[in-house]
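Model the full structure from these sequences, guided by the hints.
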Amino acid sequence: MSTPQDRSWYRAPEQTLAPGTSEPDHTAEVRRVFLREENDDAGVSRRSFLRLVGFSFAAGGAVGCSRGPVQHAMTAMETSEDVVAGRAYWIASTSQADGSGSGLLVRCMDGRPIKLEGNPSHPLSKGGLTATSQASLLSLYDSRRFAGPQVDGQESTWAAADARVTARMDELRRQDGSLRVLTSTLLSPSTQAQLAELAGTVPNGRVVTYDALSCSAILDAHELTHGRRVLPHYDLSRAEVLVSFDADFLGTWISPAEFSAAYAEARQPDGESAHMSRHWQLEARLSLSGSRADRRQRLAPWEAPQALAALAADLAQKAGVSLPGSPPAKDALTASLRATLAEIAADLWSHRKSALVLCGHNDRDAQVLVNFINDLLQGYGTTLDLARPAQQRQGDDKALLALRTELLAGEVDMLVIGDGNPAYELPGFAEAMANAGTVVCCAASLDETAALAEVVCPQPHELERWDDAEPVAGLYCTTQPTIPSLRDTRTLRHSAARWSGELADDRALLMAYWSRELAPGRSSTGTVFEAWFATVLERGWVDLYGATPSGPSVMTQAPVGDALRQIAADAPAASPSGDHLGLVLFPTVGLLDGRGAHNPWLQELPDPVTKTVWDNHADLSPATAERLGLSQGDLVTVSLADGQAGAASITLPVLVQPGQHDDVVAVALGYGALGTDRFTNVGPAWLEGENTIDAGETVGENGAMLLDLDDGQLRSDGARVTLSATGGRRELACTQDHHSLAVPEHLAPKGGEVRDAVAFLSFSDLQHDPHEAMAGAHGGHSELWADDHGKGEHQWGMAVDLASCTGCSACVVSCQAENNVPVVGRDEVRRHREMSWLRIDRYYDDRGDGDVTVAHQPMMCQHCGHAPCETVCPVLATMHSAEGLNQQVYNRCVGTRYCANNCPYKVRRFNWFDYPREDRLQNMALNPDVTVRSRGVMEKCSMCFQRIQEEKAAARAAGRELADGDIQMACQQSCPTQAIVFGDRNDPESALSKKLAVARTYGVLGELNLQQVVHYQADVRNDDRTGEKSHG
Amino acid sequence: MAEAPVPATAATAGGFASADVTTPSATRPASLPASEIEPPLILGDKAPGDVSDDVCGPIERGPTWLWWMAFLSAAITLLIGALCVSYQVATGIGTWGLNRTVGWAFDITNFVFWVGIGHAGTLISAVLLLLRQRWRTSINRSAEAMTIFAVICAGLFPLIHMGRPWLAHWVFPYPNMRGPLWVNFRSPLLWDVFAIGTYFTISAVFWYIGLIPDLATVRDRAKGLRKKIFGVLSFGWTGGARTWSRWEMTSLLLAALATPLVVSVHSVVSTDFATALVPGWHTTVFPPYFVIGAVFSGFAMVLTLMIIARKVMSLEDYITMRHVHAMCRVIVFTGSIVGMAYATELFIAWYSGSQYEQFAFNNRIFGPMGWAYGIMVFCNVVVPQLLWFQRVRNSLGLIFVITLLVNVGMWFERFVIIVSSLARDFLPSAWSGYTPTLIELGTLLGSFGLFFTLFLLFCRFLPMIAMAEVRHVTEAQREEASDDGHGGHDDEPLPAMPVASESSMHHFAAFESGASLLAAAREGRKRGLRLVDAHTPNPVHGLDPVMGIRRSRLPLVTLFCGSVGAAIALWFQYWSSASDWPLDVGGKPFDSLPAFVPVAFELLILCAGLGTAATLFVRSRLAPGRQTKIVHERASSDRYVLVVERADASVPEDALDALWDRHGALETWWEVRS
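Listed in order, the protein sequences are those of chains A and B.
The first sequence runs 10 to 1041 under the working numbering.
The second sequence runs 1220 to 1893 under the working numbering.
There may be inaccurate statements among the hints.
To be verified - With a cut-off of at most 25 Å between alpha-carbon atoms, the simulated DMTMM-like pairs for lysine to aspartate or glutamate come out as follows: (1) A:Lys-362 / A:Glu-281; (2) A:Lys-759 / B:Glu-1564; (3) A:Lys-800 / B:Asp-1799; (4) A:Lys-800 / B:Asp-1810.
Please keep in mind that the hints were generated in silico from the structure rather than gathered at the bench.
Written out as structure tokens, the structure reads:
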């Protein structure tokens, strides 16, 4: 698939020529190499591309040109001069794809990045990387990106674009016009500084920061209570009791990779030093965090402030502090909720100084109470850090509302939009922006905002640019280009500098900022600075926080009283009545606020809870769906009640979601983005095949239209909506049909049947007697045959700790990227033909009160020693390696599918078609170490065979023994909680052997005696009730 | 089912050991003497020539409009199927409704279904031959043809279900550039390859050997191109006495080989499921369950076809109500065993105590595909019970409907076993459903198109009733009716056969029946004539000792070839799996001897069968297109020609004519021996 605008996605440094010189065009070369559009003639080969790349490295360094793509990139593992064709090298960088500034190691080969992995040394993410960050690799190779700057919707040149912008700015200066710079949170301090400088060049200039997933209320609340408008840095590893009100910190909230790592650190159920935090989750919909909670309580968004008030009152009483206001009326909350809150209060109080309350509601009053509670629990200074706040959310909703008002009033003469897509993400902004004098935006591809902009100055992908980030005050992270720029782009920093009159190139700007603001001594220049900066680049981050940790900050009590009064006043109006339901809009783990909408990996990533792909939906609890006479797939129109926000409405299929609050309809954000009709033909085309979406439609519907900014807080929950069935149906594409370990009641023997695929324990049972707790989970291991097979030096194995696994699905995307797993489209998924080698099974266990306990179980090839798949293959296309792995030989497979039938885990995947790869440019992300499978071939988890071989070869070349941990599986590498351990079972000292020795270890379907080498550690919940519902 | 049950083992053993078949009285069980109990097998008091006229007539007369209608619809259906398969092969298996959980559905269902259909043909031709069921002779030819066509249909499905049929040869262990990498002899799919391959080969050989005398009949009646074609096809058959003797022995040996083969084939097919660990598949009852189900569905299909064919081809005198009744009894008998098997499965699932097993059957009956289970039980267990009633057995219309339903039911049996078991196995997360696509339905339809196209071509171009064998039956019937004692034994010892003279003439006499020929030959022998040969349209039992033909040593050939085949198979499997390139397959030992048994067995049968047939062809000088001198144009139809030589002058030439006249010779002539 190639469109004319594809034609310039590769730019070599030689193209940096004096103005007026004709530019050499390498497009044809690259097309020959990668797209094989012409027959290879003599001398044109992959090798010539390598020469090109090699030259670009050299030239980049030598010329130091103004748009030089890769200049002095520092690799983390090896130095850049030994870039060898076919050998991978790593470059440390920083991911901003999910807004958290996680550490990144970019695996590159032959001059292009092919895989993103976590940087284990990074102090926040500690090697973890979310699904969104992982998948951002594919966005680099997105053919939809602008080839260069756009003026008035036409392709243009930077000179023309700059001329237009500077002319308009000169006008502003002359006429005292207003300039507004609107950007989503910028982690980059250098860019922030540059934007501030830009705004400063105009008398009436201002920078407005927003977040589509706003945490503005938390910042505002801290401004009220602590005098600083900051986002505290939460330390979940120190929280022994963690209470979350609708904050999905494991999935999407602020910094999921970091929080997941810390959360797992606080939950280590094995050994002498066993400890386990208790996690309470009170939420309206079933979030990923809720699915992992020890105790979960369904709580409508409008109940949350009152619940917090009740909790605050309870804790104040325990602390002997007088509540600076009146507690909520007793009848405001149900008895069961009050009882739960009392339990929570007792739990929190008994763990004060190591307790933490989180709240995901963007509601200032609620957040003030949260601050009050955390203060009562003496959390500031322990579980919350204000001295060194997080910078991952800096948005200011009040300023945003003010900007919208200004825009609507026509008072903004020029609007520069940096990061973000406000016309899509924010309610009413598309209309408001139409009133701005001039709109300049920096979108990389045609989105809703770029469509409205006069000038578009596309930004390079984060893998193509120099950048920095400061996710937490004082922690500076660097971003390096890993590939010559594929498009003619410029960073926001660079553009802002140009428009402010600076002519330095982007790297120089960054270096200048660092040398000016951050370098040791603040004045070092020249080689001293260069050397220091090189060390920073090589590691990817530097901690420059010098101040000693400050003591507990003092809290102002007055706002608490105001908040309590406001909550009491709002209470009667808050809850929906009659036919209304409360709306909850939420980001999904893959798409977040829509930044992943153009990424096919993320579109096809099953949501960790609903397991749906390629769609958003109106989620209803089973009781509500039944009450409304709706079943899964029925199309309903969700409309805002009583004319709020212009009575916007969207039409979506119903999804029946256990564990959701009965009065709530939940809708995912991030869908319905402009241009997602590109995915119309993403799957294979055949007689009965259906398009992923209808031509001209978008993937899902944009729920952001239903967001509410009217009171200066970007509210995603609580709006009253009505539902009306349209009578239509759309079958959802769901990777899992049956959602329980219990078989359907009418098919089960008397008393019901529960499959013991997942072992589930309570922490107290485990501590009491781990072996008794696990009784029955181990299969027998009698041997019928003598083992006459030669065994290799290593016996590989894997352990997946379900107590750590959050189900976040980072591993799924990682596996997809590593192993060239194709995207198959909605229709194929609906036909249960998803290709993913690693899936995460999710089971609900109905607790009987409308709530569910959720188990996540990553499921991949178990590499059985007695593999049922192997014996049945007629052609020996699958057999066992001497190192204990089940191997699939693609070029031997004839496609009988017998192996897949005989696999009890159903982890084998068949290539039903030759899967078209929607975007041929994206084929550059293919891992050259892994075969792309053709149709008719069976495939499955290979235990990253290529990684094993690579490390073995490296060790052999270096003349050393392979050390434990040298080899990391793709799924393991990026797991934020390190739930996956790979290693050698022959080595008693390996991390794997130690992990397998814990009592919680079991094999799925152990009674079949398949001798699989993938083992699991039982899920543990710190809830004494777990034992009663144990499946062990 | 059999009026005079003969233990199968005894019959099988007897096939090698006894010469019963050569004595005509043995073909009629003593317990069934009176023809008034049952009507004769062949109606209309057919003379040997009538048989030729009735059977060859439709072939010679050219197709009727009814045939054309049937053929066109079958060919169109075949075309639809071919288009579907071409599309699937070009596009991918994704054009079928399969998914990650259900890897087999219509493909293997159709495969097992068609293999099962084939079983009746072998059973009728082989097992009933061993059991000396004379009623088989009217239907065995078309039943065997049905077997071959059904196996062709069956074989197509494993081929196309891979999606890349051009790789199909990879399942054969041939030397290759990959090591050589051999194949996995532990895989039931590989056993299938050998079982189906052997089954097809042996069935085809058995069928063709049976066809040769009838092809000669058609040849001798024909002129022009047809004569040439059938001349090539009939391998130079002249119906000589020694050839008949070997031919009968070969038939018996092939029948003895085909009987365990047919049992092995569906047993091997059932191991595709029985050796897997999918609940609902993993059950030891499958081999007998599948074999009996195959017989059941096969007989139903034979009956369906026969009911149509006897009408369309005007063969009511040959395929009589007695045949229909016999087949009805087989169907109700095997149908009841099938019902028993269903009950056993349920009992074992309950008795196993395995939750997966119990769920598999609960799900099969009450789950989303319970409707299919209902169809299966209704069609296979309930409907055939109607055949207990005489009135039902006398209604061809009802029987036709019942046999159709049985085949629907048997198709659904395979569908239920395959799909419902796969769709919901161990991990509930992977459960799925299955809906066929149009391509799959078209492919199923196309397989019926192929089957009927082949069958109609067969009806049109080849004698669809084994004329030689039917002549034998009608002759016995006529003897019974006239009771003239011709068939009786004359135990008087025969004098030694004179040796051939230096130069003399061959005297020919054509008789109208085998009995006359036999009596004439006996007397000629006593008179000191050298009996050179007899050319008859059907084997004349009792002639061998008179002609001085010794018992054939073909069984030794069979034994030798079979032993060599099995030994090579066992050695090769061991060598390739455990010695040449041992690979760890599912943790099984390198020399998995039990797993090597099926292939060794199939190769035993294959080598024995092919060796026997080849020996027949070599010894009797039968080969495609071989030109032989035909002694009499009607010697393959209704003339029984005896060839003698006067070894010395003790028999005067005119006395010879008198002798022949006394035995009712229709023509006599002589030729100088060349």
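Worksheet item: Does the structure break any of the earlier hints, and which numbers would those be?
Response: Violated hints: none; all satisfied.
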